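The listed protein sequences correspond, in order, to chains A and B.
Per the numbering used here, the very first residue in the first sequence carries number 1; after that it's consecutive.
Per the numbering used here, the very first residue in the second sequence carries number 1; after that it's consecutive.
Calculated directly from the structure, the hints in this document are not laboratory data.
Since the structure is predicted, the reported quantities are computational estimates derived from the model, not experimental observations.
For each residue, glycine too, the CB sits at the ideal point set by N, CA and C.
Careful, some of the hints might be misleading.
Example chain A residues on the side facing chain B (calculated, C-beta under 7 Å, incomplete) [to be verified]:
| id | residue |
| --- | --- |
| 1 | Phe42 |
| 2 | Leu43 |
| 3 | Leu83 |
| 4 | Val104 |
| 5 | Phe107 |
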Amino acid sequence: DTAVSQTPKYLVTQMGNDKSIKCEQNLGHDTMYWYKQDSKKFLKIMFSYNNKELIINETVPNRFSPKSPDKAHLNLHINSLELGDSAVYFCASSQDVSGGGANVLTFGAGSRLTVL
Amino acid sequence: GQNIDQPTEMTATEGAIVQINCTYQTSGFNGLFWYQQHAGEAPTFLSYNVLDGLEEKGRFSSFLSRSKGYSYLLLKELQMKDSASYLCAVRDGDYKLSFGAGTTVTVRA
């Protein structure tokens with residue numbers, strides 16, 4: 001049973017389209033994240049939710065809108081896709097956002113988005 | 001913001017030892033992590049340091065010096081399957097985890 005699962009794994013679409021990536025975790029974690037990994041393999045945080053509440057919102061265009069219907073799900077909707085949005089998007093979860101201990105992030109397998 | 005530096009690439013021979021250095025500057029500090037990422041796969045957790053010193057886990061060890069803003073990951077008895085990207089990540093005072101650009105390690109026979 002996959003701990004953090006995201007769909008779709010691959011997404012090819014045209015500029016200007018709107019697309020969504022879904023993420024679900026079955027670890028009972030309180031905190032979920034979206035990271036973007038570009039062609040240079042640099043992994044950059046986009047958003048973080050703790051118990052359905054937005055706690056980190058990096059400098060991301062407002063074409064990107066995360067939604068957390070419950071603490072086990074964090075979806076990412078992208079409007080008006082641009083060429084520069086092409087990347088691998090990783091969902092991740094952790095027990096909580098702060099507190100003691102390692103609070104390790106568990107990542108999903110990634111969703112490779114290609115904008116043509 | 002965070003500034004995390006690590007070498008881009010390293011090459012080593014099977015059975016050898018490789019040390020990957022990471023230096024960082026952060027606003028506050030709540031731990032340093034090393035992740036391994038094979039090509040086309042998700043990053044997976046390797047180690048965590050929050051206090052100064054060496055943490056050993058089998059063939060992998062990680063060291064931290066908070067005063068120097070420095071860490072290294074030591075990979076011993078290298079195996080072909082260790083060929084991957086190794087990501088240094090730092091959790092800042094606001095508990096935000098930021099990653100370095102990663103070090104691609106190639107293990108040759």
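Going down the list of hints, with the structure as the test:
Annotation: interface hint on Phe42(A) holds; nearest CB of chain B at approximately 5 Å, less than 7 Å. Among the interface hints, the one on Leu43(A) holds; its C-beta lies about 4 Å from the nearest C-beta in chain B, closer than the 7 Å criterion. The closest approach between the C-beta of Leu83(A) and any C-beta of chain B is roughly 22 Å, which is over the 7 Å cut-off, so the hint fails. A distance limit of 7 Å between C-beta atoms decides the matter here; for Val104(A) the minimum to chain B is near 5 Å, and the interface restraint holds.
Here the hint on Phe107(A) is kept, as its CB sits about 4 Å from the closest CB of chain B, short of 7 Å.
The structure does not agree with numbered hint 3 stated previously, though it agrees with all others.
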